[in-house]
Amino acid sequence: MSDRIFGGIGLALAAFYVWAATTIELSFISDPVGPKTFPFIIGGLFALASLAILLRPDAPPEWPSMTRLAEIAAGVAVMVAYVYLLPSAGFVIATALGTAYLSWRLGAAPVSAVVAGLATSGGIFVVFHLVLGLTLAKGPLGI
Amino acid sequence: MDTLANLMHGFDVAVTFQNMGLALIGCFLGTIIGALPGLGPSNGVAILMPLAFSLGLGPTPALILLTSVYYGAMYGGRISSILLNIPGDEPAVMTTLDGYPMARAGRAGEALAISGIASFIGSFFATIGLALLAPQLVKVALLFGPAEYFALFALAFATLGGISSTNQAKSAWAAAFGLGIAMIGVDGQTGVPRFSFGIVHLYDGIDFLVAIVGLFALSEVLIFLEHSGGTSASAKEAQQSRPAIAIGRPVASFSLIRYCTPAMLRSTVIGFLAGVLPGAGASLGSFMAYAAEKQINNGKDTFGKGDPRGVAAPEAGNNAAAGGALVPMLALGVPGSGTTAVLLAVLLSLNVTPGPLLFTNNPDIVWGLIAALFIANVMLLALNLPMVGIFARVLLIPPKYLMPLVAMVSFVGIYGISGSTFDLLVMVLFGVIGWGLRKFDIPLVPIIMGILLGNLMEANLRRAMTISNGDWSALFGSPLAIALWLFAAFGFLLPIFVGRKVKAGIEQAREEARDLGI
Numbered sequence: 001m002s003d004r005i006f007g008g009i010g011l012a013l014a015a016f017y018v019w020a021a022t023t024i025e026l027s028f029i030s031d032p033v034g035p036k037t038f039p040f041i042i043g044g045l046f047a048l049a050s051l052a053i054l055l056r057p058d059a060p061p062e063w064p065s066m067t068r069l070a071e072i073a074a075g076v077a078v079m080v081a082y083v084y085l086l087p088s089a090g091f092v093i094a095t096a097l098g099t100a101y102l103s104w105r106l107g108a109a110p111v112s113a114v115v116a117g118l119a120t121s122g123g124i125f126v127v128f129h130l131v132l133g134l135t136l137a138k139g140p141l142g143i
Numbered sequence: 001m002d003t004l005a006n007l008m009h010g011f012d013v014a015v016t017f018q019n020m021g022l023a024l025i026g027c028f029l030g031t032i033i034g035a036l037p038g039l040g041p042s043n044g045v046a047i048l049m050p051l052a053f054s055l056g057l058g059p060t061p062a063l064i065l066l067t068s069v070y071y072g073a074m075y076g077g078r079i080s081s082i083l084l085n086i087p088g089d090e091p092a093v094m095t096t097l098d099g100y101p102m103a104r105a106g107r108a109g110e111a112l113a114i115s116g117i118a119s120f121i122g123s124f125f126a127t128i129g130l131a132l133l134a135p136q137l138v139k140v141a142l143l144f145g146p147a148e149y150f151a152l153f154a155l156a157f158a159t160l161g162g163i164s165s166t167n168q169a170k171s172a173w174a175a176a177f178g179l180g181i182a183m184i185g186v187d188g189q190t191g192v193p194r195f196s197f198g199i200v201h202l203y204d205g206i207d208f209l210v211a212i213v214g215l216f217a218l219s220e221v222l223i224f225l226e227h228s229g230g231t232s233a234s235a236k237e238a239q240q241s242r243p244a245i246a247i248g249r250p251v252a253s254f255s256l257i258r259y260c261t262p263a264m265l266r267s268t269v270i271g272f273l274a275g276v277l278p279g280a281g282a283s284l285g286s287f288m289a290y291a292a293e294k295q296i297n298n299g300k301d302t303f304g305k306g307d308p309r310g311v312a313a314p315e316a317g318n319n320a321a322a323g324g325a326l327v328p329m330l331a332l333g334v335p336g337s338g339t340t341a342v343l344l345a346v347l348l349s350l351n352v353t354p355g356p357l358l359f360t361n362n363p364d365i366v367w368g369l370i371a372a373l374f375i376a377n378v379m380l381l382a383l384n385l386p387m388v389g390i391f392a393r394v395l396l397i398p399p400k401y402l403m404p405l406v407a408m409v410s411f412v413g414i415y416g417i418s419g420s421t422f423d424l425l426v427m428v429l430f431g432v433i434g435w436g437l438r439k440f441d442i443p444l445v446p447i448i449m450g451i452l453l454g455n456l457m458e459a460n461l462r463r464a465m466t467i468s469n470g471d472w473s474a475l476f477g478s479p480l481a482i483a484l485w486l487f488a489a490f491g492f493l494l495p496i497f498v499g500r501k502v503k504a505g506i507e508q509a510r511e512e513a514r515d516l517g518i
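Each protein sequence line maps, in turn, to chains G and F. The numbers in our numbering rise by one with no breaks, and the one at position 129 of the first sequence is 129. The numbers in our numbering rise by one with no breaks, and the one at position 379 of the second sequence is 379.
Just so you know, the hints here were simulated from the structure itself, not pulled from any lab data. Nothing here was measured: the structure is a model prediction, and the numbers come from that model. A hint or two may mislead.
What the hints assert, rightly or not - Just a few of them, taken from the derived set where beta-carbon distance is under 8 Å, the chain F residues facing chain G: (1) T16; (2) F53; (3) L55; (4) F177; (5) V378; (6) V412.
Just so it is clear, CB atoms sit at the ideal spot from N, CA and C, and this is done for glycine as well.
Sequences and hints are given; from them, build the entire structure.
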């Protein structure tokens with residue numbers, strides 16, 4: 001069943017893709033093929049492949065339980081939050097927080113997770129910024 | 001002896017203090033990355049690639065660093081295969097079959113030593129093969145026009161799923177998905193924006209580095225998050241029930257080396273061919289090498305029970321395949337495997353277009369790289385024999401500390417290139433997409449290839465059509481093009497008939513060994 005839904009979504013995506021390709025404006029410079037043809041070919045291939053998956057599905061994958069899905073969603077949310085925090089809080093603080101959260105959720109005890117966060121963030125800062133001279137996001141502390 | 005002169009020139013380019021240092025660092029990091037379960041050559045190179053650019057390395061040093069990582073990872077994969085019965089990366093799967101039984105019999109040191117030597121022989125001769133074969137392939141490639149190139153790209157995509165692919169629709173889906181993403185951005189030929197929906201960030205298209213790091217590295221982190229809760233208890237149990245294996249002295253006696261030499265040499269040839277041919281790659285190279293040795297030698301039924309030749313064969317095979325896979329990547333600009341696709345991304349971001357012209361326009365890069373591979377290989381042998389104990393200790397770093405580090409280094413690398421938080425968000429999005437597609441068994445490599453090659457493929461199609469004035473039959477206009485199309489069709493259809501069998505063969509070999517071993 002999972003594969004059938006996947007194929008269905010694929011077909012919808014393909015339809016959207018082909019529609020988006022029809023809206024490509026033509027420029028006054030042109031060649032015999034133009035900017036639309038190759039996207040149409042890709043859209044067609046995409047639709048065919050989706051259809052084949054829909055018609056001949058594999059055995060369904062092992063879906064994680066709702067709690068595991070929530071875990072992943074929370075992990076993704078933290079990564080997104082990390083990205084938004086980066087310019088304002090700076091690299092060291094944001095990375096320490098992000099690492100601590102991920103370590104904790106991957107099974108580290110809270111205290112060791114915090115230590116891992118500080119160590120990872122400090123380690124990356126020293127190696128990549130101080131030694132290798134890479135630009136990292138600057139925060140209020142200047143680091 | 002053009003090749004020899006070129007190679008000498010290559011050594012001139014490669015042997016500088018900086019390049020040697022980078023090769024050493026690359027070898028060291030690569031071995032660690034290969035040894036760690038969950039990180040393999042593709043995601044290892046993917047994570048380190050943005051860093052190499054942010055540091056402003058030139059094309060030759062950057063390539064030397066990253067190919068050293070690639071070769072190093074092929075060496076490192078064997079360590080956890082032998083010590084933990086967990087393959088460090090995909091091609092090292094076959095090494096578990098005899099490596100772990102050897103380790104359980106107290107011969108871990110010997111297994112590590114003989115597999116290290118086999119890795120050296122495999123990649124050493126494969127690098128010679130690369131130096132000899134690539135220039136010949138270039139001569140053929142110079143005959144290619146746009147129509148032939150278009151057919152060649154089609155061939156690469158058709159065979160990418162590999163012979164063991166069980167669902168070609170999913171490989172095709174992935175290729176189309178990647179190609180579709182490549183179309184985002186301003187069209188290079190007419191200057192009109194495509195699929196950008198008015199979002200300014202999308203005018204430049206999606207940077208393939210962002211996609212690669214998201215798909216390969218972040219999705220791995222999400223997979224670990226998925227399995228961290230419920231299964232961790234059983235994983236812990238498995239780790240505890242597994243007795244800690246003493247490594248012992250990592251040396252192999254001369255007689256053991258001689259005993260394994262025929263197996264290593266045969267496996268090198270098989271692995272190299274598997275690497276060169278599209279659709280095979282290192283995993284299949286090591287499988288075929290192991291299967292062939294088992295056929296030839298299994299009179300006394302020792303394979304799967306700790307036969308040193310069963311360790312030497314797959315390791316020589318997969319390392320030779322790693323070298324072989326560089327042949328089509330450098331000579332044609334068309335990678336045949338995941339890691340070489342990532343290396344192609346390296347070249348493209350350095351504004352170096354691989355393919356026949358690379359050999360005439362930038363001989364420094366090509367031959368410097370090949371020379372560096374020889375040097376890296378010697379370094380790897382030197383690192384891997386005495387220091388294998390250190391690498392084995394790295395295996396003890398638990399994923400709960402390692403995976404966050406992987407995520408953060410990915411962020412640092414991408415941020416270092418563009419300084420754009422938009423790119424970081426796109427990377428997270430690709431991480432989620434990668435996690436979802438893995439669930440559906442959609443291969444990720446064709447997506448990467450599509451994103452990388454999509455614009456080149458379209459450009460060749462349009463050039464061919466401009467030459468022929470819009471006559472589509474020009475795509476099949478030369479015998480060479482027709483041959484390429486036939487190979488593409490054959491390569492796509494073959495797995496539909498034999499894919500399940502090959503895959504079942506690999507699974508069966510694993511099962512048998514598991515039954516015997518424990």
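Status of each hint after checking the structure:
The beta carbon of F:T16 comes no nearer than 19 Å to any beta carbon in chain G, farther than 8 Å, and the hint placing it at the interface is violated. Hint status for F:F53 relative to chain G: violated, with the closest Cβ pair at about 10 Å, above 8 Å. About 6 Å separates the beta-carbon of F:L55 from the nearest beta-carbon of chain G, less than 8 Å, and the hint is met. Look at F:F177: its Cβ gets to within about 7 Å of chain G, closer than 8 Å, so that hint holds up.
The beta carbon of F:V378 is not positioned within 8 Å of any beta carbon in chain G (closest approach about 26 Å), and the interface hint is therefore violated. With a cut of 8 Å, the hint placing F:V412 at the interface with chain G holds, because the nearest CB-to-CB distance is about 6 Å.
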